[in-house]
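Undergrad: Residue-level listing of the chains:
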Amino acid sequence: MLIEAQAEQCTFVTRGLCAASVLCQVEPVGRWFEAFIKRRNRNVSASFQELEDEKESSEESEDEEYQLEEFPLLKTLDPKDWKNQDHYAVLGLKNLRYKATQKQIKAAHKAMVLKHHPDKRKAAGEQIIEGDNDYFTCITKAYEILSDPIKRRAFNSIDPTFDNSTPSKSEGKDNFFEVFSPVFERNNRWSNKKNIPKLGDINSCIEDVDGFYSFWYNFDSWREFSYLDEEEKEKAECRDERRWIEKQNRAARAQRKKEEMNRIRTLVDNAYSSDPRIKKFKEEEKARKEAEKKAKADARRKEQEEKERVKQAELEAVRLAKEKEEEEARQQSLLIKKEKEIQKKAIKKERQRLRTSCKNWNYFSDNEAESVKMMEEIEKLCDRLELASLQSLNENLAVSTKEEGKSAVEKQIIEVNAQLKKEKEQEEARMKQSTRGADNSAMGGGSGSKSWSEDDLQLLIKAVNLFPAGTNARWEVIANYMNLHSVSGIKRTSKDVINKAKSLQKLDPQQKDDINKKAFDKFKKEHKVVPPSVDNAVPSERFEGPGVEMSPWTTEEQKLLEQALKTYPVNTPERWEKIAEAVPGRSKKDCMKRYKELVEMVKAKKAAQEQVLNATKTKK
Amino acid sequence: MAAIGVHLGCTCACVAVFKDGRADVVANDAGDRVTPAVVGFLEKEVIVGLAAKQSRVRNATNTIVKVKQILGRSYGDPIAQKHITESKCTVVEKGGKPKYEIDTGETQKLVSSEDVAKLIFSKMKETAQSALGSDVNDVVITVPFDFGESQKKALGEAASAAGFNILRMIHEPSAALLAYGIGQESPTGKSNVLVYKLGGTSLSVTMIEVNSGIYRVLATSTYDGIGGVCFTEALAQHLASEFQRTYKQDIRGNARAMMKLMNSADVAKHALSTLGSSNCFVDSLYDGIDFDCSVSRARFELICSSLFNQCIDPIKKLLEQVGFKATDVNQVVLCGGSARIPKLQQLIKDLFPEVEMLSSIPPDEVIPVGAAIQAGILLGKENTDLDTITIECSASDMLVKEIDESGNKFTVLLPSGTPLPARRQHVLQAPGNISSVCLELYESDGKSSVSEECKFAQVVLKDLQKKTSGVRDILTVLTMKRDGSLHITCTDKDSGKSEMITIEDTS
Numbered sequence: 001m002l003i004e005a006q007a008e009q010c011t012f013v014t015r016g017l018c019a020a021s022v023l024c025q026v027e028p029v030g031r032w033f034e035a036f037i038k039r040r041n042r043n044v045s046a047s048f049q050e051l052e053d054e055k056e057s058s059e060e061s062e063d064e065e066y067q068l069e070e071f072p073l074l075k076t077l078d079p080k081d082w083k084n085q086d087h088y089a090v091l092g093l094k095n096l097r098y099k100a101t102q103k104q105i106k107a108a109h110k111a112m113v114l115k116h117h118p119d120k121r122k123a124a125g126e127q128i129i130e131g132d133n134d135y136f137t138c139i140t141k142a143y144e145i146l147s148d149p150i151k152r153r154a155f156n157s158i159d160p161t162f163d164n165s166t167p168s169k170s171e172g173k174d175n176f177f178e179v180f181s182p183v184f185e186r187n188n189r190w191s192n193k194k195n196i197p198k199l200g201d202i203n204s205c206i207e208d209v210d211g212f213y214s215f216w217y218n219f220d221s222w223r224e225f226s227y228l229d230e231e232e233k234e235k236a237e238c239r240d241e242r243r244w245i246e247k248q249n250r251a252a253r254a255q256r257k258k259e260e261m262n263r264i265r266t267l268v269d270n271a272y273s274s275d276p277r278i279k280k281f282k283e284e285e286k287a288r289k290e291a292e293k294k295a296k297a298d299a300r301r302k303e304q305e306e307k308e309r310v311k312q313a314e315l316e317a318v319r320l321a322k323e324k325e326e327e328e329a330r331q332q333s334l335l336i337k338k339e340k341e342i343q344k345k346a347i348k349k350e351r352q353r354l355r356t357s358c359k360n361w362n363y364f365s366d367n368e369a370e371s372v373k374m375m376e377e378i379e380k381l382c383d384r385l386e387l388a389s390l391q392s393l394n395e396n397l398a399v400s401t402k403e404e405g406k407s408a409v410e411k412q413i414i415e416v417n418a419q420l421k422k423e424k425e426q427e428e429a430r431m432k433q434s435t436r437g438a439d440n441s442a443m444g445g446g447s448g449s450k451s452w453s454e455d456d457l458q459l460l461i462k463a464v465n466l467f468p469a470g471t472n473a474r475w476e477v478i479a480n481y482m483n484l485h486s487v488s489g490i491k492r493t494s495k496d497v498i499n500k501a502k503s504l505q506k507l508d509p510q511q512k513d514d515i516n517k518k519a520f521d522k523f524k525k526e527h528k529v530v531p532p533s534v535d536n537a538v539p540s541e542r543f544e545g546p547g548v549e550m551s552p553w554t555t556e557e558q559k560l561l562e563q564a565l566k567t568y569p570v571n572t573p574e575r576w577e578k579i580a581e582a583v584p585g586r587s588k589k590d591c592m593k594r595y596k597e598l599v600e601m602v603k604a605k606k607a608a609q610e611q612v613l614n615a616t617k618t619k620k
Numbered sequence: 001m002a003a004i005g006v007h008l009g010c011t012c013a014c015v016a017v018f019k020d021g022r023a024d025v026v027a028n029d030a031g032d033r034v035t036p037a038v039v040g041f042l043e044k045e046v047i048v049g050l051a052a053k054q055s056r057v058r059n060a061t062n063t064i065v066k067v068k069q070i071l072g073r074s075y076g077d078p079i080a081q082k083h084i085t086e087s088k089c090t091v092v093e094k095g096g097k098p099k100y101e102i103d104t105g106e107t108q109k110l111v112s113s114e115d116v117a118k119l120i121f122s123k124m125k126e127t128a129q130s131a132l133g134s135d136v137n138d139v140v141i142t143v144p145f146d147f148g149e150s151q152k153k154a155l156g157e158a159a160s161a162a163g164f165n166i167l168r169m170i171h172e173p174s175a176a177l178l179a180y181g182i183g184q185e186s187p188t189g190k191s192n193v194l195v196y197k198l199g200g201t202s203l204s205v206t207m208i209e210v211n212s213g214i215y216r217v218l219a220t221s222t223y224d225g226i227g228g229v230c231f232t233e234a235l236a237q238h239l240a241s242e243f244q245r246t247y248k249q250d251i252r253g254n255a256r257a258m259m260k261l262m263n264s265a266d267v268a269k270h271a272l273s274t275l276g277s278s279n280c281f282v283d284s285l286y287d288g289i290d291f292d293c294s295v296s297r298a299r300f301e302l303i304c305s306s307l308f309n310q311c312i313d314p315i316k317k318l319l320e321q322v323g324f325k326a327t328d329v330n331q332v333v334l335c336g337g338s339a340r341i342p343k344l345q346q347l348i349k350d351l352f353p354e355v356e357m358l359s360s361i362p363p364d365e366v367i368p369v370g371a372a373i374q375a376g377i378l379l380g381k382e383n384t385d386l387d388t389i390t391i392e393c394s395a396s397d398m399l400v401k402e403i404d405e406s407g408n409k410f411t412v413l414l415p416s417g418t419p420l421p422a423r424r425q426h427v428l429q430a431p432g433n434i435s436s437v438c439l440e441l442y443e444s445d446g447k448s449s450v451s452e453e454c455k456f457a458q459v460v461l462k463d464l465q466k467k468t469s470g471v472r473d474i475l476t477v478l479t480m481k482r483d484g485s486l487h488i489t490c491t492d493k494d495s496g497k498s499e500m501i502t503i504e505d506t507s
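If you read the protein sequences in the order shown, they are chains A and B. In terms of the working numbering, the first sequence is residues 1 to 620. In terms of the working numbering, the second sequence is residues 1 to 507.
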């Protein structure tokens, strides 16, 4: 319970608050925190929301108390001519017009009713015209129009106080902004869109100006002219008439709307053409383009020059480098020449020395013939020996006795001779090789690299014999055969085969035989090493009937045969001969027969087994 | 659209999803609502969760536990050092940061704590996605109150690497409050809530003031030394001594046997929260001997009695720190798995006999649920990522003097700590038989008693119509702006008479 106030007490503030607010850290958690942050960011406060609401409502009440302007001619208005009256003026909202809020209109109507209602006036002792002819009907009508948003819009559209005029181009020439700014401001009200761009001033940037004009060129107006409809739809008596009226009205409205659009369009066109900023921008754009062009041309020229310069410099550099190189080469060659000369001289000198020293010793011999031979050798030495070895030899000779000298010279001679011989051999070898290479290339044609192994040679001979001359596309067939049967894996064309065959023909028959023999030996050897494997698949001859008489095979013979079959696998050449050899007392034919018999037996056995198996299966 | 809340603890991680207006914890692929925060590296794969925890006995050197302890810390940090010495996995220094050295047979690699946290987050994401059946990225992550910038950054990086879009990081105690919706119904009123969190390896107590639905942490303290593991360890030690008594074998030196025993003790501890007694059974614990031992709850409480005292002392200290009596606390929120222990709840109840103790949500799920609720609030909002912020609050209680049978009485009109701007509306009552009413307004810091000096204004309504019976209602509206100026309007409801004053802030 609150306490009672003493008589002398009154409302007052003793002192201010000490530390009314403090800063606190709070946790960013929960929905109230979110709400708080949202309010703070938007600078609104929930706690003051109500206060603000109150303030707003008080403001509104102020609006309601807007000084209504009495329309002096109100009483003279003819209710029948309501269409031509200014509804705003009638309700006393002459100055607010389209800006008046619904609330204001309502309030104004209320005030007017209170004042002008026939009952009120009657009470005041005024004379009332009975029926609809009283001017109060005008007030009712005005409220009817203005309280309905659609009707109000229609009326607003043809607001009689609205200045529909548009300034011409010449008018806006000197003081463009003064002339056009109010016109655009005036026409703003028709826009469906909010945020209407302002005309701006001479310093507006190009984006703003562009935005302004594009807005006005695409102007979206809500202005419509249904208020001016000549016929009233409601008056129609039947549907057809109503339709006709509607059609008429629609046509009229469209016409007016078109006019209106044209009006706006003219306005914007006029403004655009006389806008000093547009001119300025155009000029600027032109200047900029020119500058750009110029800059581009400059850049291109500069680039060209730069390129030229670089090219020149490069050429110069190349030339200089070349000159320098040439100079160096010349120097080098000169030097080499000089050196060579010096060496030549030295060698000459040394040779002379050797000759003289040898001569001094009478070529280390006494008889003529020997000395002549020695002389030849010495000359050879002089020719062959290098400067250094000549020098050393000469020195040797200078310090040594005759005998020693002789031995030294002889040693040198032997060495030189050896060297000469070696060179000769090498030369010969090279010669041989080159001839062989030539041979090879002649034999192998383009594919000399493909070597012919002995196996292949044998195969070739076999093939040539197999496909005698006259066979259709003989060499192709031979090549194919080779490719099929060769173990070397080298692919041969018919050309290769022809070449080889020709070269083989060239060889003497003895050699051919040799090759054949060698190949055969090798074959034999190879196949003996091949791990034995039994392949029952290829019995190559027809099986002869069982009626042929023969001596029965003993177990021993049987064993031997089996062993031989294993030893000589199917691909062994002359297999059966070898097998027959392995089984004493049996011919080749016998062996083959026996083998076939065995195969038959095995097969029969297997078939029987299978039959039994099948039988058991079916039984099951 | 769904959002999730993830809580990554030292021992366990838990995820809750916010869907259709409510938040709920989702179970992982193993069917557990809480996933152990254990990562094991095997030769070819990495396993997270229960499987990793179970295989730790065999793979101790390549299994990482308690990664939260070193997350975002430098190598030299004392807490990191402590973790490193305890860890069975080798930790090396690289660029000042601790890295785990993982050796899985053929390959050796260094794994940073962020990578480990990332693996756990990925697991939580998978869990949430399998429950929701759709991709989910928006997440609110909880962090302990004492987490520093670098730790938050490391946690954030780990979560981002796992493909999360972090809406906000909130503190664990605030999440706990949010889970119970404290202060969320109406934005008026003021209360003090104690959040008691006993996790796996740490204990934290926090006092939060809830004013106008906004949470403010008054004081908090964290004790790293004590947690659920301590209880398990105590129980394991007891079991070891039992084993020794029966079989004359000391197994305390055998790390593997002790680890097995720890696992068994952990299970037994959990069971003891609901059952009167539990059985510990370990096959081939040591030397081929199977161990079987029954522990009653009373026995367990006896073993851990000193631990319980350690767990309760921080509450007393916190109350001292903020200068509260036990009656000043309006609610107690329990969180952390170990807050399930019945004895502990009993002890807290003894400490706050008249206080409502909130434990309806399983304590280890409270924090993720709160995080998920926050995620639901933030869902679809922009610029959600903000940290703790500073706002203006009223500094002192605004009181009005009233009389009742016992004498003078002060009623709080605007409590201290109310976020500004604030508006409070009260209907005060005066006897109907008096013609004038006086409202004497006082301010108080809430601690010392109100004296005459505290009076700063009075509002008098005069010439009211006397009524023969009943009471008259006086509507009092206090509004305080952010600059601290106070505006008071008093209106007699019957006559509409009103008086108003404005007090500017002098400080």
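Bear in mind the hints are in silico, worked out from the structure with no lab data behind them. Quantities reported herein were computed from a predicted structural model and do not represent experimental measurements. Even glycine gets a Cβ: it sits at the ideal position worked out from N, Cα and C. One should not assume that every hint holds.
Derived BS3-like pairs: lysine-lysine, alpha-carbon spacing no greater than 30 angstroms straight-line [what the hints assert, rightly or not]: (1) B:K409 to A:K38; (2) A:K38 to B:K19; (3) A:K411 to A:K422; (4) B:K381 to A:K38; (5) A:K103 to B:K497; (6) A:K340 to A:K279; (7) A:K340 to A:K173; (8) B:K152 to A:K38; (9) B:K153 to A:K38.
Chain A is nowhere near these chain B residues, computed Cβ spacing over 12 angstroms in every case [stated by the list, open to error]: (10) L50; (11) D404; (12) S485.
Undergrad: If a hint holds in the structure, say so; if it does not, say that too.
TA: Quick rundown of the hints versus the structure:
Between the alpha carbons of B:K409 and A:K38 the distance comes to roughly 38 angstroms, so the proposed pair goes past 30 angstroms and is violated. Between A:K38 and B:K19 the CA atoms are separated by roughly 24 angstroms; this keeps the pair inside 30 angstroms, and the hint holds. Distance hint between A:K411 and A:K422 is fulfilled; the C-alpha atoms sit about 16 angstroms from each other, no more than 30 angstroms. Under the criterion of a C-alpha separation no larger than 30 angstroms, the hint pairing B:K381 with A:K38 is consistent with the structure, at around 11 angstroms.
A hinted pair counts as satisfied when its Cα atoms are at most 30 angstroms apart, and A:K103 with B:K497 qualifies at roughly 29 angstroms. Restraint check for A:K340 and A:K279: not satisfied, since their Cα atoms lie roughly 90 angstroms apart, outside the 30 angstroms limit. Restraint check: the Cα-Cα separation between A:K340 and A:K173 comes to about 101 angstroms, which exceeds 30 angstroms; the hinted pair is violated. Restraint check for B:K152 and A:K38: the C-alpha separation of about 25 angstroms stays at or below 30 angstroms, so the hint holds.
Between B:K153 and A:K38 the CA atoms are separated by roughly 26 angstroms; this keeps the pair inside 30 angstroms, and the hint holds. Every Cβ of chain A is farther than 12 angstroms from the Cβ of B:L50; the closest lies at roughly 31 angstroms, confirming the non-interface assignment. The Cβ of B:D404 sits about 6 angstroms from the closest Cβ of chain A, inside the 12 angstroms cut-off, so the non-interface label is violated. A cut-off of 12 angstroms between C-beta atoms contradicts the statement that B:S485 is not in contact with chain A; the least separation is 7 angstroms.
Checked against the numbered hints above, the structure breaks hints 1, 6, 7, 11 and 12 and satisfies the rest.
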